[in-house]
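Novice: Letter by letter, the chains look like this.
Number of protein chains: 4
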Amino acid sequence: MLVVMKAQATEEQIKAVCDHIEFLGYRPHPMPGAQRTAIGITGNQGEANRGNLEEMPGVAEVIKVSKPYKLASRDVKEEDTVIRFAGTDATIGGGSLAVVAGPCSIESREQAFAIAEQVAAAGAQFFRGGAYKPRTSPYAFQGLGLDALKIMAEIRDRLGLRIITEAIDNETLDLVAEWADVVQIGARNMQNFSLLKHAGRLRMPVLLKRGMSATLDEFLMAAEYIMSEGNYEVILCERGVRTFADHTRNTLDLSIVPAVQKLSHLPILVDPSHGTGKRDKVLPMARGAVAVGADGVLVEVHHQPEKALSDGPQSIYPEQFAQMVNEIEQIAPIVNRKLHRGIRVETAAK
Amino acid sequence: MLVVMKAQATEEQIKAVCDHIEFLGYRPHPMPGAQRTAIGITGNQGEANRGNLEEMPGVAEVIKVSKPYKLASRDVKEEDTVIRFAGTDATIGGGSLAVVAGPCSIESREQAFAIAEQVAAAGAQFFRGGAYKPRTSPYAFQGLGLDALKIMAEIRDRLGLRIITEAIDNETLDLVAEWADVVQIGARNMQNFSLLKHAGRLRMPVLLKRGMSATLDEFLMAAEYIMSEGNYEVILCERGVRTFADHTRNTLDLSIVPAVQKLSHLPILVDPSHGTGKRDKVLPMARGAVAVGADGVLVEVHHQPEKALSDGPQSIYPEQFAQMVNEIEQIAPIVNRKLHRGIRVETAAK
Amino acid sequence: MLVVMKAQATEEQIKAVCDHIEFLGYRPHPMPGAQRTAIGITGNQGEANRGNLEEMPGVAEVIKVSKPYKLASRDVKEEDTVIRFAGTDATIGGGSLAVVAGPCSIESREQAFAIAEQVAAAGAQFFRGGAYKPRTSPYAFQGLGLDALKIMAEIRDRLGLRIITEAIDNETLDLVAEWADVVQIGARNMQNFSLLKHAGRLRMPVLLKRGMSATLDEFLMAAEYIMSEGNYEVILCERGVRTFADHTRNTLDLSIVPAVQKLSHLPILVDPSHGTGKRDKVLPMARGAVAVGADGVLVEVHHQPEKALSDGPQSIYPEQFAQMVNEIEQIAPIVNRKLHRGIRVETAAK
Amino acid sequence: MLVVMKAQATEEQIKAVCDHIEFLGYRPHPMPGAQRTAIGITGNQGEANRGNLEEMPGVAEVIKVSKPYKLASRDVKEEDTVIRFAGTDATIGGGSLAVVAGPCSIESREQAFAIAEQVAAAGAQFFRGGAYKPRTSPYAFQGLGLDALKIMAEIRDRLGLRIITEAIDNETLDLVAEWADVVQIGARNMQNFSLLKHAGRLRMPVLLKRGMSATLDEFLMAAEYIMSEGNYEVILCERGVRTFADHTRNTLDLSIVPAVQKLSHLPILVDPSHGTGKRDKVLPMARGAVAVGADGVLVEVHHQPEKALSDGPQSIYPEQFAQMVNEIEQIAPIVNRKLHRGIRVETAAK
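Protein chains in written order, with numbering that gives the first Met the number 0: chain A, 0 to 349; chain B, 0 to 349; chain C, 0 to 349; chain D, 0 to 349.
Keep in mind that the hints are not guaranteed to be accurate.
As the list makes no split between identical chains, a pair holds if one copy fits it or if it spans any two.
In silico lysine to aspartate or glutamate, DMTMM-like type, Cα no more than 20 Å apart, as pairs [said to hold, decoys possible]:
1) Lys63 with Glu46
2) Lys277 with Asp216
3) Lys196 with Asp173
4) Lys277 with Glu11
5) Lys337 with Glu326
6) Lys277 with Glu305
7) Lys261 with Asp245
8) Lys66 with Asp245
9) Lys5 with Glu116
10) Lys196 with Glu170
In short, the hints are calculated from the structure, not lab data.
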């Protein structure tokens, strides 16, 4: 259920409605829009009791949300969600084209900086690198952990790039939240509901990757898990799904971009590196992602991919990355996006 | 196996090599390239006997083709295949962006012309319309048959658009070959090997749609079936594959475009109409198709889709089609393609 | 639409109703049942005009069939369809467990007889062997054609086994119909609607294999294509579908057996050879097929699988076949089936 | 790598080898077999240094394990793993057919006992019921938590049934381990590697469900994660995978049973309830599961499924469960299994 406030509703009126929702035993989620505020209601099993919400001052209407996801739905918030990063001009969503780049794993300070400097120079605003790696084999390299987080924090301080890295459980979530700018939840954890709820208690952006066999509804419901705990800064990311096709590691499902945008206000990125698993498919699919209307791309870049400790075959070279940025920059205006090369840092703050 | 001729090899030398291949009991497939001619050899079970091919005048080398497909492989022909249409400047492949448009089914002369005129005006070079419809239900509209072929022939004569339409069996193949410019083989018939062989005996272009669960190898092997009979003018077409995902009717697998282009010299189009099954996904995915490097798009257009006898929900309106042409025209140069709006007819000939 | 006749309706009344259906412009399909006859009506686009069918003598009721398939539906015919073979006690459907066995391809008279004798001795009632092979590669062995049909006819004459073999186009359909007892339509042709219609004009059983990515509805609609032309003797066959799973060649979907049986009166067999592609999975999955309630199994047997011209790795040895028959014979009574070992031939006739 | 000890090797020799493995920097996993002990070695990146292992007293040979999974592989342990439950005659694996039954969720003490009494009477040895439910929607019933665990502990005490229930994160894992006999890790967490590692530190059986799109290798690697931490009591469970097929909620892939049994010594159960999502498919598929050779079945039973808080449509009635036990009991001896109805409790101990 959703309470739509009048355009001229006051802060006090909004607060009074939220209080009444809590009095009814539910949880209010005020979502300010350009025109007016909507207040999502969660916590009800079945239909919520409307109390006298409809008669309260400032209330325009009370409407039922038909989708299983509520806070993620455009019914609740019509305008696109834009994620901003304090102290910078970087955004995800809202007409800008975000470029996230970096190695699969942080392997050393030297490796991380070598790559970070090149992707920053080529136009990335965000740096990604694995500190905690979910690997299929228990015997494979599992990441440098806290050391990797510290290296990436140094990259932010030195190069301005904002940091995106994955948390793999509730313990690492707290660490990542402390050191990074965006917490990533990986495809294998898209339905780790415990982790989603913990991420919902953060007050920072969460990048949520689509599970390998997640439907659109399940993807949005996973976002809803995070939002239902009060964290509305969710960034979706398509990274390929599992099919019978064997010419790529996964099948990158670009059609989910317009499908998400129709149903949800959340921004959506595309990861053509995991989505294809092959270096020579990354650039074409990055172009395709921007052309279908994605809010940005997330790619793996390595200066020595043949020596990478993980995912070398899908990592592109820095010079390919530079070419990719050039190409998607040209496509961006055709889909009403603008690529702001690099990041302008206003303050040194995180 | 493959005989690569020297650049300066004469016609006589090429013919002599072909004769010797036949003498060995195989079938020669001479494929002229910009630099030199290669001669594919088929008809062998297991490794072919090389006879004294290597010593013949004009022969540069004899090489083994490791892929199961030979004639479709870049090993045999390095340059892109370009399909030309006599009497026009239209091409498929080779740097031009082909635009194929029309209704799912030809329903009447009025309907067909209403749509054809609008897509021609908006920039299409090819008109597609179903005469023989492979329908899931035996009780559904099965197409107007020969009448539809005649209507489309009239569209070619009046508007210059070249005609692509589907044949569903060996009988309709002959009819379609008589009246159309390109014979389409549908997804459900991609492994109808009898039909593929018959299409291979034609000497006109064949548009081969990827089967709903075809791997890349199977797709190229289906093309090989056609080529093995001597028809080298095969146009591939991605139209979505079947997966668990339910937000679109099929999952459009754009990554097959660069995958095909790496392995094969054949042109590849993308059909975002069947690939998504939803009108509002057609434009984004058409843009995506061009951005990944497809040689063109094939879309369903209907002026009254709500009244269409088949596939109305995935047909775009003529004004959407015009917008699509505008958008993909802007993307084309970024991927070294050029959209030549409409068709220039040099003679009235088919 | 469906006309249900009264139990005591006369032949004349049934004929009068059929005539009236034709007069209305549709096609009648009388389907005699144990209690009473139902007459399916096809040929209508949308809802059929009921004329005065409801008032005609002998008519119990006229009901709308809600499924897209009509003649294949249990709504039209409640009792299981049982396929009988003239001159023998063999049946498919109706409580007997059919065992179909033989090599992927007929390779020679010696090979075929060697296998046929062993499978007959071990309990098979039906012999299968490819005469026309749909092969992924145009350069692979395509079958012995008419010679293979003649060899199999000789097997029938000598050993009594009834013959099932595949037709791959309209031309081979006529030949197979002439020489075999059951015409098989392969998975790749499940939606070759032209072939289905031709098979519908035969008056002999058709074994229809599920397509590699066919849904249950599409599978039953393919059967409906055959039935809509007047041939009601359709045997369905599950042979595995295509998924991401790579431990078997296809994923054998045994749940379709009870799903078919709920919706349709047609018998359904299971092919664990194509369904798994691996010899050591055939026996377990054959047992599983019988346990879920299939009307029989169809397996590939070869006495020298390592020398087989096709599908050797999935062919079981004759001694494994004998073990399989023993095992499924024990499971049969648990699911109210009985395996009648071998075939009793009453006359020499086909 | 794997050290195979001689049959007559002493405990001291085994310990000396383990010590040397630790000295080399790896982790030893001694696995006693009927004939002799094998010692798995993990902890190496790439090939392990063999030190002088081969010359140590009692060592028969040192062999390389080629599979990515080692401890889960039959290479390391040839005999089937049998999971025993202290104080009872119940086993999972090793020729007995385990029957696990209960409601999707524990909804109340009354509901749980009503079902438990009936499934115990009908022959189940294990009771399953959700305490912590991983639900697609954050607004759906999430389980009774600790209260449910206590109810199930009471069922164990009163009825003897051993308890299997799911843990959804590291926190609930400790609780479940305290109160239940087997910790279940659900399909959505099959690649929650953090949770797998924690489960590996338990010393009690873990039931690991196959992920919705997990390959066989990934499934065994998930088991390996648990085993690599020293917990070798892993029970695998097939519960259906995600495909295009829509006649069941998931596609139950019974072929994985013989595939697992060939490669691994771990027992494998089948869950036809989640595997089909439909009540009327549960019995056929349970029969199929036993016929292919599964070590048991896990089914959802509810006395009032129409009132169930979760998964009602796939829960069978207690009388259907009794029929299922009868049917699979008859199939069991055909595949060398024996169903021991109910549980014999020797002591009151957990």
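Novice: Since the copies are identical, ignore which copy is meant and state whether Lys5 and Glu116 lie within 20 Å (CA to CA) inside a copy, between copies, both or neither.
Specialist: Cα proximity of Lys5 and Glu116: none, with 48 Å in one copy and 48 Å across.
Novice: With 20 Å as the alpha-carbon cut-off, assign the pair Lys261 and Asp245 to within, between, both or neither.
Specialist: Classified as between: cross-chain Cα gap 15 Å, same-chain 30 Å, threshold 20 Å.
Novice: At 20 Å max between alpha carbons, let me know whether Lys277 reaches Glu305 within a copy, between copies, both or neither.
Specialist: Within one copy, since 13 Å is at most 20 Å while 36 Å is not.
Novice: Indicate which option fits the pair Lys196, Asp173 if close means a Cα-Cα distance not exceeding 20 Å: within, between, both or neither.
Specialist: Both: 13 Å inside a chain and 19 Å across chains, each within 20 Å.
Novice: With identical chains, the pair Lys277 and Glu11 could be close in the same copy or across copies; at 20 Å between alpha carbons, which is it: within, between, both, or neither?
Specialist: neither (55 Å within a copy, 44 Å between copies)
Novice: Between the shortest in-copy and the shortest cross-copy C-alpha distance, which are at most 20 Å for Lys63 and Glu46: within, between, both, or neither?
Specialist: Result: close within a single copy only, 8 Å intra versus 36 Å inter.
Novice: Up to 20 Å between alpha-carbons, please classify Lys66 paired with Asp245: within, between, both or neither.
Specialist: Between. Shortest inter-copy distance 15 Å satisfies the 20 Å Cα cut-off; intra-copy 34 Å does not.
Novice: Have a look at Lys196 and Glu170 and pick one of within, between, both or neither, based on CA distance no larger than 20 Å.
Specialist: both (13 Å within a copy, 13 Å between copies)
Novice: Given identical chains, is Lys337 near Glu326, meaning Cα to Cα at most 20 Å, within a copy, between copies, both, or neither?
Specialist: both (12 Å within a copy, 16 Å between copies)
Novice: Between copies, within a copy, both or neither: which fits Lys277 and Asp216 at Cα up to 20 Å?
Specialist: between (28 Å within a copy, 17 Å between copies)
When held up to the earlier numbered hints, the structure conflicts with 4, 9 and fits the remainder.
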